[in-house]
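Listed in order, the protein sequences are those of chains F and G.
Position 311 of the first sequence, counting from 1, maps to 313 under my numbering, and the rest follow consecutively.
Position 22 of the second sequence, counting from 1, maps to 24 under my numbering, and the rest follow consecutively.
No lab work stands behind these hints: they were computed from the structure.
Intra- or inter-copy, both count: the list cannot distinguish identical chains.
Taking lysine to any residue and the SDA-like style, the derived pairs with C-alpha atoms no more than 25 Å apart in a straight line are: (1) Lys258 to Pro283; (2) Lys254 to His136; (3) Lys190 to Asn82; (4) Lys279 to Leu267; (5) Lys254 to Leu271.
There are 2 protein chains.
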Amino acid sequence: MNNLVISVDAMGGDNSPRVVVEGIVLAHKNNPDIQFLLFGDEAKVSAEMKRFPAMNEYCTVVHAPEFVRNEDKPSQVIRNKNTSMFMAIDAVRKGDARAVISAGNTGALMAISKMILKTIQKIHRPAICTNIPHKSGMCVMLDLGANTECNAVNLAEFAIIGNILAKHTLEIERPRIALLNIGAEEMKGREEIHQAAKMIKSTHLDLNFIGYIEPHQIGEGYADVIVSDGFTGNIALKTMEGTAKLISGMLKGTIKSSIITKIGLPFLLPVLWKLKKTMDPRKYNGAMFVGLNGLSVKSHGGTDAVGFSYAINNAAKLVRQDFVQTIRAEVEHVDLDELSQDILYDVY
Amino acid sequence: MNNLVISVDAMGGDNSPRVVVEGIVLAHKNNPDIQFLLFGDEAKVSAEMKRFPAMNEYCTVVHAPEFVRNEDKPSQVIRNKNTSMFMAIDAVRKGDARAVISAGNTGALMAISKMILKTIQKIHRPAICTNIPHKSGMCVMLDLGANTECNAVNLAEFAIIGNILAKHTLEIERPRIALLNIGAEEMKGREEIHQAAKMIKSTHLDLNFIGYIEPHQIGEGYADVIVSDGFTGNIALKTMEGTAKLISGMLKGTIKSSIITKIGLPFLLPVLWKLKKTMDPRKYNGAMFVGLNGLSVKSHGGTDAVGFSYAINNAAKLVRQDFVQTIRAEVEHVDLDELSQDILYDVY
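Sequences are here, hints too, so could you generate the full structure?
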């Protein structure tokens, strides 16, 4: 077996294992070098795989007697070694795979991943991260909810991880890094953000750091990496989703309410179709849980095969470029705890 | 002079005093009972007013020798009693007016308002508040940036104020109140939010309180009052603005890029026009600075006469219903500090 292996929780998500199997088939077209380890109910998974005989060349099924349900609390399932989710994550710890993907229970995936894979040495906290669209491309945003409260060291670590993510997944050579804040001026916002700014300026990321970004500037494409605590990042991400839904709902309502626009529908359809394609949430599927000794990726539970394949594609990019090892090497030379002391002394 | 007087900083905003004067003329049509005190350069203001002779019946101009510039820092202008902004706010303190409106420097308006008008007894912190659209109407959102950090008492106070705002400006008899959070479950999010939930449940707002709301649910119209700290509220509001701009930009780009849609433009225009009308930021103009002994309203600096008139309309609604006195009466019977002690003891 080669080095590029991704383990998959075949039982996670609303339509598993069907969507998972079909997603792997789609992803394999772009990633013929990747091998897959599928954990799940062997009979069910094999039945789905029968439709794609070529899969046997790049997939191995490992039977898992149980699976994590959406309604399970993380504390209930975290120590159950017989679930497809646990076994898929454990394959990364054992070195059998380099990343794990699941469309299952988010809380359980995060809790088990954290417990089994542990944070990379010198990284204090893992973060949830995803790519989001702006007017001329995409940017990386983290943390999106792993950490409700963050100190300056955590934020600076997220900047380091985000920088590598943008390089590897978006292929941006020198990503512009920004801290999410409520103003551009130095003293705006919270103290931990000011301290994080000072810390980032003291690292090798100094030249890539563009300071604070306000949420309405994200869509303008001012930055490639948006760093925030998990509470704020989650608020911003869900606000984007909600606003997009509100506007598209209004657009539909307006079209339906007018005879003129009903007549003009043939002209409108290409616009709506293209807009839908640009904003297609499947393209941004795959929240990455980063900062651990191995990559853990959460696919949306309700996604289809196309969406699942996007999550795999992103994970494959990171695996191929040895993402975890790159983080290890970068933090090796940066002592954020020491920097933090310097900055705290500075304040008094 | 009757009791319903609004004082106006005639020199604030990008096109003052022209826009201010025209805005007052528009607002007067809906509010014939309101009198205005205009503070500013008498020659300039009177010159603009000459175009509308009837204004003299409901407007009094008071000369102010100086004005606050956009680039002035609050600390530089806070004690300058000769600016139109200071004098307009001071008219509220003196009892000459019940509310003040300015399209000028936000930081200065907030700082001077807070210094001169002071918070209502038993209210610890003022909040910035505005109405935002959802799919079937509007809701009140606060705090939008006055307080970067908030404790549970502050959040509970915002719930009380927001409840009155929704009743008075949106005419909702029993507003549904929610705390903005990253999950619906009781233990999600930050500790101060959990404590605030307990406190609100212990007040007269108990039956109106619907728990936590996530940002993507705001547009669904689940709540009439959305309460958060000023950092989070500001992030959410600016994310809404940014996402709306991103989508409308994409829509325009798509229309321009396709010959079919260019041909169909006559059919498209009514849709875009109606969407623009619904989302028109002028309708939501007027951020209210509430919790002080008097109402201070910030109009967007770049707005036009229509936008300025909306800000006046909102202020007029509150003045007519004696908003400040209603808050005083409601907090009279609620001892949030005592409640806070009970809840803190509960934790240990």
